[in-house]
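Engineer: Each residue of the sequence shown is one higher than the last, beginning at 37 in the numbering used here.
Just so you know, the hints here were simulated from the structure itself, not pulled from any lab data.
Any given hint could be a false lead.
[Said to hold, decoys possible] With a Cα cut of at most 30 Å, we get these calculated DSS-like pairs of lysine-lysine:
(1) K62 - K43
(2) K145 - K131
(3) K56 - K131
(4) K179 - K90
(5) K50 - K145
(6) K156 - K141
(7) K74 - K43
(8) K62 - K74
(9) K74 - K156
(10) K90 - K156
(11) K179 - K156
(12) K39 - K131
(13) K179 - K62
(14) K145 - K62
(15) K39 - K179
(16) K43 - K101
(17) K145 - K156
(18) K156 - K43
(19) K62 - K141
(20) K39 - K50
(21) K131 - K141
(22) K131 - K90
[As the list claims (entries may be wrong)] Label pairs and their calculated CB-CB ranges:
(23) D151 - D126: 39 to 47 Å
(24) G122 - E51: 33 to 41 Å
(25) R159 - P189: 32 to 40 Å
Every residue, glycine too, gets a C-beta built ideally from N, C-alpha and C.
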Amino acid sequence: MLKELFKISRTQLKEVVDIKWVDMDKGQMEGFDPSLGKPPVLFPAALITVQFPKSGAEEEIQGLKQVAEGMITVRICQDFTGNTSGVTDDAEVEKSLAYLDVVQKVYEKLQGYTDGRFNKLDRISLRDERRLDNYKVISMVFKTATRDYSAVPSV
Numbered sequence: 037m038l039k040e041l042f043k044i045s046r047t048q049l050k051e052v053v054d055i056k057w058v059d060m061d062k063g064q065m066e067g068f069d070p071s072l073g074k075p076p077v078l079f080p081a082a083l084i085t086v087q088f089p090k091s092g093a094e095e096e097i098q099g100l101k102q103v104a105e106g107m108i109t110v111r112i113c114q115d116f117t118g119n120t121s122g123v124t125d126d127a128e129v130e131k132s133l134a135y136l137d138v139v140q141k142v143y144e145k146l147q148g149y150t151d152g153r154f155n156k157l158d159r160i161s162l163r164d165e166r167r168l169d170n171y172k173v174i175s176m177v178f179k180t181a182t183r184d185y186s187a188v189p190s191v
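Assemble the whole structure, with the sequences as input and the hints as a guide.
Structural biologist: What follows is the structure, given as structure tokens:
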């Protein structure tokens, strides 16, 4: 299930033309040495984590069938050098906030998506991660669910 949901998310995000890098989140934005350069991604990047934090057994077939609730976290990462202060010209602020247009495109691509194996994706949170560097990371979490019959023996 993890593999399938990751691949679905990756495929959809690759279709967002503004995204230059789609990958599994392996700590690329945290595990780099700033003195040696930038994180090992192209910006804007979409980093994906898939989890199934809650599963419950169905009554049939001795608990070998489960309803699994999945979560996909997409971190939209951008190199940010803009200015948004109150003394900044409105045109410059608009230019600085353009990274949020990419966030909106990711939302529009994933919200409600299904391939039939999983329930429609539904965004449940959106937050701006606090960072001490010049990178902006917006974290979006989508939920879904599916029935997992993979533990049922084949006949």
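Engineer: Each of the hints needs a verdict: does it hold here or not?
Structural biologist: Status of the hints after comparison with the structure:
no.: 1; hint: K62 - K43; result: holds (15 Å)
no.: 2; hint: K145 - K131; result: holds (23 Å)
no.: 3; hint: K56 - K131; result: holds (19 Å)
no.: 4; hint: K179 - K90; result: holds (11 Å)
no.: 5; hint: K50 - K145; result: holds (10 Å)
no.: 6; hint: K156 - K141; result: holds (17 Å)
no.: 7; hint: K74 - K43; result: holds (26 Å)
no.: 8; hint: K62 - K74; result: holds (15 Å)
no.: 9; hint: K74 - K156; result: violated (35 Å)
no.: 10; hint: K90 - K156; result: holds (17 Å)
no.: 11; hint: K179 - K156; result: holds (8 Å)
no.: 12; hint: K39 - K131; result: violated (37 Å)
no.: 13; hint: K179 - K62; result: holds (20 Å)
no.: 14; hint: K145 - K62; result: holds (23 Å)
no.: 15; hint: K39 - K179; result: holds (16 Å)
no.: 16; hint: K43 - K101; result: holds (23 Å)
no.: 17; hint: K145 - K156; result: holds (12 Å)
no.: 18; hint: K156 - K43; result: holds (15 Å)
no.: 19; hint: K62 - K141; result: holds (23 Å)
no.: 20; hint: K39 - K50; result: holds (16 Å)
no.: 21; hint: K131 - K141; result: holds (17 Å)
no.: 22; hint: K131 - K90; result: violated (41 Å)
no.: 23; hint: D151 - D126: 39 to 47 Å; result: holds (42 Å)
no.: 24; hint: G122 - E51: 33 to 41 Å; result: holds (37 Å)
no.: 25; hint: R159 - P189: 32 to 40 Å; result: holds (37 Å)
Violated hints for the displayed structure, listed by number in ascending order: 9, 12, 22.
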